[in-house]
Every structure is written in C-alpha cells, then in structure tokens.
Amino acid sequence: MLNKKTLFAAALVIVAGSSVAHADERYRPISDEVVKKECGACHMAFQPQMLPKRSWIKIMDTLDDHFGEDASLDKETNDDIKNYLVENASDSGWWSGKFLRGVADDWTPLRITEIPYWVREHNKEVPNWAWSDPKVKSKANCVACHPRAAMGNYDDD
Amino acid sequence: MKKVICLTAIAAAFALATPAYASSILDEYRNQAQQENPSFNGFSAERGKAFFLTQHATGKAETPACTSCHTNDPTQSGLTRAGKSIAPLAVSVSPDRYTDQRKVEKWFRRNCNSVLGRACTTIEKGDFITFMQTQ
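Protein chains in written order, with my numbering: chain A, 1 to 157; chain B, 1 to 135.
For reference, chain A alone in the conformation it holds in the complex (with noise of 0.2 Å):
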C-alpha cells in the first residue's frame, strides 16, 4: 500500500541516498582573480586539483596551440598562471586524491576528461546520448550539468 509514511520513506532514502553518493564532489575554488579571468575565458576555469603538476606546466608551456587555438599569454602573466595551477595541483598536498589514481607517473594527462577517476564517474551516471545535447557541446563544458561547478561544487547530476 502507497500511503504517506511510504512515500515518506522513499523520499528519505532518495534525498540520503542521493547526497551520500556525492557529498564528496567538492573542490576548493579558484581564489585567483587572474587565474579565474584568463582561464575562464573561453571556458570555466577548471580546479587545479584535477590535474597533476606535469600536466599543467605541460598546458601552460603550449598555450600557443592549446587543443586547437592559441590561447598564449604574456610571459608574466603565464608564469603566474602556472605557479597557481602547480601550487594547487592533484599531487601537490600529503593527500593523495581520486584524480591521482590510476595515473600513471609516467602519463602527462592534458585532458581532465581523460582522468580514470573521471571517465568512471561519468561513463556511470551519463549516457551517450546526453553528451551530444547541443546545449553541452563540449565535456569541457562542466556547467551544463554541474551549475555550481565554477564554485567547486559537482554534488548534482
């Protein structure tokens, strides 16, 4: 029988179930203004943690031809670019975090979406054919899934 205290239930279980599944999807947000502006020009600024150092000295020494444009900058302000990425980077801390495993030491990863972490949790959650919604374009465009991702927060679906 379908009565209240059910479907009260249910419901407990979605909104428990749905939050201990992805509480964790929280990254610490951009807190540079530079970093924020020039790498959020042409898409979201993504969170340094996502990437190892390598991968991030390895983007900022070809900005020249980065995935197919030229996205260079100023000597001065790519220097400075890239000592925040560095500084906060997925082997930059004692922890050891999700981006990190399954990247070998040996592997420079442009792509955050080539990420073992991150390919698992989308080939899970995200089927094909919403990758080819014209409104998401591109998996490098976090937002249109994740609205408050630019704030570090990838909890929804």
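Because the hints were derived from the structure by calculation, they are not lab data. Note that CB positions come from ideal geometry on N, CA and C, so glycine has one too. Among the hints, erroneous ones may be present.
As the list claims (entries may be wrong) - Cross-link-like lysine-lysine pairs, in silico, DSS-like; alpha carbons within 30 Å at most:
{"id": "1", "chain 1": "B", "residue 1": "106", "chain 2": "A", "residue 2": "137"}
{"id": "2", "chain 1": "A", "residue 1": "124", "chain 2": "B", "residue 2": "60"}
{"id": "3", "chain 1": "A", "residue 1": "37", "chain 2": "A", "residue 2": "137"}
{"id": "4", "chain 1": "A", "residue 1": "53", "chain 2": "B", "residue 2": "84"}
{"id": "5", "chain 1": "A", "residue 1": "139", "chain 2": "A", "residue 2": "82"}
{"id": "6", "chain 1": "A", "residue 1": "36", "chain 2": "B", "residue 2": "103"}
{"id": "7", "chain 1": "B", "residue 1": "103", "chain 2": "A", "residue 2": "137"}
{"id": "8", "chain 1": "A", "residue 1": "37", "chain 2": "B", "residue 2": "60"}
{"id": "9", "chain 1": "A", "residue 1": "124", "chain 2": "A", "residue 2": "135"}
{"id": "10", "chain 1": "A", "residue 1": "53", "chain 2": "B", "residue 2": "49"}
{"id": "11", "chain 1": "B", "residue 1": "49", "chain 2": "A", "residue 2": "58"}
{"id": "12", "chain 1": "A", "residue 1": "58", "chain 2": "B", "residue 2": "106"}
{"id": "13", "chain 1": "A", "residue 1": "82", "chain 2": "B", "residue 2": "49"}
{"id": "14", "chain 1": "B", "residue 1": "106", "chain 2": "A", "residue 2": "75"}
Stated by the list, open to error - To give an idea of the interface, some chain A residues facing chain B are shown, with a C-beta separation under 10 Å as derived from the structure:
{"id": "15", "residue": "29"}
{"id": "16", "residue": "64"}
{"id": "17", "residue": "74"}
{"id": "18", "residue": "136"}
{"id": "19", "residue": "138"}
{"id": "20", "residue": "139"}
{"id": "21", "residue": "147"}
Given chain A, work out where chain B should sit, using these hints.
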C-alpha cells in the same frame, strides 16, 4: 635632457587624458597603417565585414573562421568550442568592446593566429573594428 623630460611629460599627460573608447584604439591603428603604407586611405566597414564572414581556413582546423565562435551575426552572442557564451562583438550591443587596448591586441593575436595561421595586419584590425562600430 630638458627636452626629453618635457616631451615625456607631454606624452604622459596625453596618455592619461586620452579617454579609453573604441575610436582612440582605431586612431592608433590608423596612424600605424599610415606609417606602414603612405598610400593608405582609410579603413572600410565593407572590407571588415568580408573579413569577418570569410572562411579563411588557413589556421587551425578547429577554427576556420571568426564566425566559428562569434556566429554570422555580430549582434548575437557567440559560443566557444567549450560551450561558453561570448558577448556580441557589435558595438551597439556591447559598448565596452574595443576600449581596452591590451585586451583587443591579445584577442587579435590569438584569434588571427587560430583562424588565419598568422597575425592580422593593421588594416585588417582597423577594418574589423570599423565594421563592428556600424553593427
């Protein structure tokens, strides 16, 4: 020496007094174009429009034209390849465009290289802004 100081002071005063608006950047491009080519006879919105709409395809494969990101209509918002919205380039809808020289030069440098595989000429830059002022 006095002369140098005096000239510097005048230049500094001029730089401080010059308000940042699109036509001052355009004036600078005009002076530059004249220096580069004595027979230069002004920027053209028509040429700027043609440049904006052309499929150049001489740069990176992902970005054959300015319109790849800015769309064919400068009064409309564009979209980056990563899906982020770009405010319109037309001055009538985005009056703060072409007022910050460093910003303008930064994006010409990047976008011309992405689309054309080379830097834009002074005339191309001047024509482009002249066209956007009519939009």
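Hint check against the structure, violated hint numbers in rising order: The structure conflicts with hints 2, 10, 11, 13, 15, 21, although it agrees with all the remaining ones.
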